[in-house]
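Based on the hints, put chain B in the right spot on chain A.
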Amino acid sequence: DTAVSQTPKYLVTQMGNDKSIKCEQNLGHDTMYWYKQDSKKFLKIMFSYNNKELIINETVPNRFSPKSPDKAHLNLHINSLELGDSAVYFCASSLARAQYYGYTFGSGTRLTVV
Amino acid sequence: AQSVTQLDSQVPVFEEAPVELRCNYSSSVSVYLFWYVQYPNQGLQLLLKYLSGSTLVESINGFEAEFNKSQTSFHLRKPSVHISDTAEYFCAVTYPYNQGGKLIFGQGTELSVKP
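Protein chains in written order, with the working numbering: chain A, 1 to 114; chain B, 115 to 229.
Worth flagging that the hints you see were computed from the coordinates, not collected in a lab. Ideal Cβ placement from N, Cα and C applies to all residues, glycine included. Treat the hints loosely; a few may be bogus.
To be verified - Below, a list of computed lysine-lysine pairs in the BS3-like style, where the Cα atoms sit at most 25 angstroms apart:
#	chain 1	residue 1	chain 2	residue 2
1	B	Lys216	A	Lys71
2	A	Lys40	B	Lys183
3	A	Lys44	B	Lys163
4	B	Lys216	A	Lys22
5	A	Lys71	A	Lys9
6	A	Lys40	A	Lys19
7	A	Lys44	B	Lys216
8	A	Lys41	B	Lys163
9	A	Lys71	A	Lys40
10	A	Lys40	B	Lys228
11	A	Lys41	B	Lys228
12	A	Lys44	A	Lys22
13	A	Lys52	A	Lys41
14	A	Lys41	B	Lys216
15	B	Lys228	A	Lys67
16	A	Lys36	B	Lys216
17	A	Lys36	A	Lys22
As the list claims (entries may be wrong) - One side of the interface only, derived from the structure: several residues of chain A facing chain B at Cβ under 8 angstroms:
#	residue
18	Pro8
19	Tyr10
20	Met46
21	Ser48
22	Ile56
23	Val60
24	Phe64
25	Tyr103
26	Phe105
27	Gly106
28	Ser107
29	Gly108
Bound conformation, chain A alone (with noise of 0.2 angstroms):
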């Protein structure tokens, strides 16, 4: 059993176009996160979800819209996508005090914006 899973894992589309990438984890986690990973492999937070409420939004364009329909899933849409776009994108999953335990990383969606 997958405990963070991402789909797609590999994601090709055009400039302009709308996409989402769905995230879920099943180990009673209740703090989920996105990361995105540029083309230098530097990884930057950009939201975290906390049973379902939005605790940090590191200044990501307002493009980007997490969604999280409960506890173990936090969705991620892009819209108007760009160029800069492209990275890896990665879901992870903690207990509500990441520092005790460490995050559990889902295995990321590739996405290319061409």
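Frame of chain A; chain B shown alone:
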């Protein structure tokens, strides 16, 4: 503000040689420190962490890291590396009672083990 610096972007070593991946952090408060490993085309996996207590922490696959408060460092070491250790390694920091559980990552160090 917290930050993490990994001093080497790439570390090539030969199999069975020792290796050290360096990590320094900046914080005005107590921190918790982590090392994550990312194998090619995979997500990140927690390798080891320092929360409190003994400053030397170990992973199940032979890595160890030492927390040095005076040097603000958390370097990762292994006395003898294997080909299978080839991966990207990330140092990360957070602090107690951090709302939202935000982890701040370093830039990553690519460890390349050659036969």
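Hinted pair, alpha-carbon criterion (25 angstroms max): lysine 41 (chain A), lysine 228 (chain B). Please report holds or violated. 22 angstroms, holds
Chain B contact restraint on glycine 106 (chain A) - CB to CB distance below 8 angstroms: 5 angstroms, holds
With a cut-off of 8 angstroms, does the beta carbon of glycine 108 (chain A) approach a beta carbon of chain B closely enough for the hint to hold? With Cβ-Cβ at 6 angstroms, under 8 angstroms, it holds.
Would you mind confirming whether the straight-line C-alpha gap from lysine 41 (chain A) to lysine 163 (chain B) stays at or under 25 angstroms? At roughly 21 angstroms apart (the allowed maximum being 25 angstroms), lysine 163 (chain B) and lysine 41 (chain A) satisfy the hint.
Measure nothing beyond the straight line between the CA atoms of lysine 228 (chain B) and lysine 67 (chain A); if it is 25 angstroms or shorter, mark the hint as holding. With a Cα-Cα distance of about 44 angstroms, the restraint between lysine 228 (chain B) and lysine 67 (chain A) is violated, given a limit of 25 angstroms.
Quick one, are lysine 36 (chain A) and lysine 22 (chain A) close enough, alpha carbons at most 25 angstroms? At roughly 14 angstroms apart (the allowed maximum being 25 angstroms), lysine 22 (chain A) and lysine 36 (chain A) satisfy the hint.
Check whether the Cα positions of lysine 44 (chain A) and lysine 216 (chain B) lie no farther apart than 25 angstroms. 10 angstroms, holds
Against chain B, with CB atoms and a cut of 8 angstroms, does the hint on isoleucine 56 (chain A) hold up? Holds. Min distance 4 angstroms.
Has the given pair, lysine 41 (chain A) with lysine 216 (chain B), been kept, meaning a C-alpha gap of at most 25 angstroms? 18 angstroms, holds
Regarding the pair lysine 52 (chain A) and lysine 41 (chain A), is the alpha-carbon distance no greater than 25 angstroms? Violated, at about 28 angstroms.
How about serine 107 (chain A): closest beta carbon in chain B under 8 angstroms, or not? 5 angstroms, holds
Hint check: 8 angstroms Cβ-Cβ cutoff, tyrosine 10 (chain A) to chain B: It is violated, given that the least Cβ distance between tyrosine 10 (chain A) and chain B is near 10 angstroms, above 8 angstroms.
The earlier numbered hints that this structure contradicts are 2, 9, 13, 15, 18, 19, 20, 23 and 24.
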